[in-house]
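S.K.: Line by line, the protein sequences give chains A and B. Counting the first sequence from 1 gives a position; this note's numbering is that position plus 26. Counting the second sequence from 1 gives a position; this note's numbering is that position plus 26.
Be careful, since some hints might not be right.
Note: identical chains are not told apart, hence a pair may lie in one copy or across any two.
[To be verified] List time: in silico DSSO-like cross-link candidates among lysine-lysine, alpha-carbon distance up to 30 Å:
| id | residue 1 | residue 2 |
| --- | --- | --- |
| 1 | K169 | K60 |
| 2 | K196 | K63 |
| 3 | K115 | K147 |
| 4 | K147 | K162 |
| 5 | K268 | K308 |
Keep in mind that the hints were calculated from the coordinates and are not lab data.
2 protein chains.
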Amino acid sequence: MTSRWEEFYATHLPPSDFEDNRSLLKEFCDRHNKLAKRIVLITSGGTTVPLEHNTVRFVDNFSAGNRGAASAEYFLDHDYCVIFLYRQKSLEPFTRHFSGQRLLDMLDIHSTSGNTTISVKPDSVDILEPVLENYKAAREGGKILYITFTTLSDYFWLLRASCECLRVFKERALLYLAAAVSDFYIPPSEIPTHKIQSSLGGPSIQLQLVPKLLAPLVDSWVPHAFIVSFKLETDESILIQKGREALNRYKHKLVICNMLQSRRQRVVFVSLENSIEIALTKEQLLNGIEIEDSIVENVIANHDQFLTSS
Amino acid sequence: MTSRWEEFYATHLPPSDFEDNRSLLKEFCDRHNKLAKRIVLITSGGTTVPLEHNTVRFVDNFSAGNRGAASAEYFLDHDYCVIFLYRQKSLEPFTRHFSGQRLLDMLDIHSTSGNTTISVKPDSVDILEPVLENYKAAREGGKILYITFTTLSDYFWLLRASCECLRVFKERALLYLAAAVSDFYIPPSEIPTHKIQSSLGGPSIQLQLVPKLLAPLVDSWVPHAFIVSFKLETDESILIQKGREALNRYKHKLVICNMLQSRRQRVVFVSLENSIEIALTKEQLLNGIEIEDSIVENVIANHDQFLTSS
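Construct all of the structure, not just a fragment, from the sequences and the given hints.
M.R.: Next up, the structure:
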């Protein structure tokens with residue numbers, strides 16, 4: 027009998043650039059595995075569920091991608107190499123600090139006798155320089171690989187391919203599953219080809235449950251890796267319970283629970299042993315301290331312990 | 027009897043920063059109206075329809091916002107002042123040319139005896155300089171006002187407020203409605219408060235028709251303005267017919283019809299008098315010519331004629 031996740035792969039084609047991405051993943055993993063490095067796969071941003079094959083409309087999950095993008099920077103600080111598997115156009119490490127017009131506003135044009143140069147305004151150098159240094163170091167050292175998805179189906183294909191390449195790292199691989207993956211989808215056979223016409227009135231959309239990938243991931247794709255998932259809720263009263271349920275069902279290592287409304291100030295680490303809260307004070311928030319700094323530090327401490335004991 | 031659009035406003039609160047945006051719109055319009063300038067309101071990007079009040083999930087419309095953002099640049103070239111009403115995080119004029127890491131990759135850090143400067147690499151100056159010049163001219167001249175929306179309801183409130191400020195321009199106002207506005211929504215009374223739980227199985231979502239704002243817009247908000255709407259379809263066989271239906275129903279000036287698959291190469295201008303195709307050759311596309319250049323030129327020619335005849 028095929029499981030629900032196997033059926034999902036059987037009924038959804040891989041994204042068009044899948045083989046290119048698989049080659050990039052393999053090259054990246056082989057190179058860093060030879061150096062016996064630690065590696066983290068970070069998933070980030072929301073997945074889309076198309077309502078039409080020629081897609082004009084889709085269901086999306088709220089996620090700007092800041093948690094994943096910020097965490098990638100902190101993992102690089104701790105000498106992990108990073109696969110950053112993220113929703114196209116969601117926030118990226120480094121560039122996230124300069125969204126919209128901020129970079130253009132930092133630039134001055136100088137023209138002297140027919141020669142034009144463009145430079146960063148002196149008072150913006152202090153803000154830009156440390157980020158740019160880290161960006162260049164990560165890029166030139168080949169320490170981060172960027173892979174993008176848009177739809178739920180893209181995400182499924184790329185997550186499995188990533189795991190296949192990560193297997194060789196065994197316990198040195200860390201999975202940090204921060205993407206907001208849809209719980210619901212519409213099977214391809216029930217999706218109309220063309221844009222739904224409003225002349226027919228408001229449509230009714232029947233969604234189905236998405237199979238949970240944590241099961242095959244823990245059991246067979248990367249059985250030796252240290253796996254961390256996230257749980258986002260809007261109702262505090264069920265938050266920790268939902269996290270513990272996930273942990274008991276999938277037997278991975280850690281669930282990081284957070285509320286939509288307070289996700290930048292407070293998270294709870296739920297493991298088989300205990301629940302530990304990490305929170306920022308108001309002062310820390312005002313000083314621009316990011317909770318991802320503490321989250322990553324604590325996750326790595328857990329990974330250290332896991333590596334020692336295994 | 028209240029109309030459907032009046033009922034929509036009665037059941038949806040304005041966005042939290044509504045009064046601030048209304049002040050900005052009023053100041054911008056009053057300033058440019060005194061100078062007897064022409065003005066264009068460009069709407070751009072897709073609207074969201076929340077599936078939960080504490081929104082984790084929403085229905086979205088496909089639109090990166092390139093048509094609106096590119097068109098804004100061309101309208102500025104033709105000395106229109108521009109209200110750019112766009113989906114938060116969708117493409118913006120000027121910055122759209124440097125998405126992702128492109129700007130960071132153009133920068134070099136120089137350190138000499140404790141003094142750090144950052145400048146644009148010489149071979150990137152030619153690409154960056156013309157865009158940066160135009161960006162600075164628009165910003166310093168106060169010729170463009172950026173206003174953002176996310177939800178369908180935000181869009182409704184901000185569009186009406188924009189029209190109220192645009193009224194004084196009479197025939198000099200041009201509305202260029204390129205946003206991908208949802209045709210469907212869920213009334214607030216039928217939206218659950220918290221994140222829908224997957225333990226209850228896949229939900230069924232009943233969508234209702236969104237009232238069309240073109241009707242009050244043409245009839246009472248800006249009855250003297252030159253109004254252009256867009257029609258996007260995925261099925262060629264109904265494209266022109268849908269455009270003409272819209273024109274006959276709302277009695278505005280122009281519908282620009284385009285297919286999802288070929289929208290960067292070909293559009294059809296549908297007016298009461300005729301249908302005129304605008305298309306780029308393969309060579310033009312390869313040379314980086316944008317169809318928005320021709321679209322804006324043709325729209326302005328229509329606006330010229332309208333101003334002369336009225």
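S.K.: Take the hints in turn and mark each one as holding or not.
M.R.: Tested hints:
{"no.": "1", "hint": "K169 - K60", "in the structure": "within (14 Å within a copy, 56 Å between copies)"}
{"no.": "2", "hint": "K196 - K63", "in the structure": "within (11 Å within a copy, 67 Å between copies)"}
{"no.": "3", "hint": "K115 - K147", "in the structure": "both (27 Å within a copy, 25 Å between copies)"}
{"no.": "4", "hint": "K147 - K162", "in the structure": "both (20 Å within a copy, 14 Å between copies)"}
{"no.": "5", "hint": "K268 - K308", "in the structure": "within (27 Å within a copy, 55 Å between copies)"}
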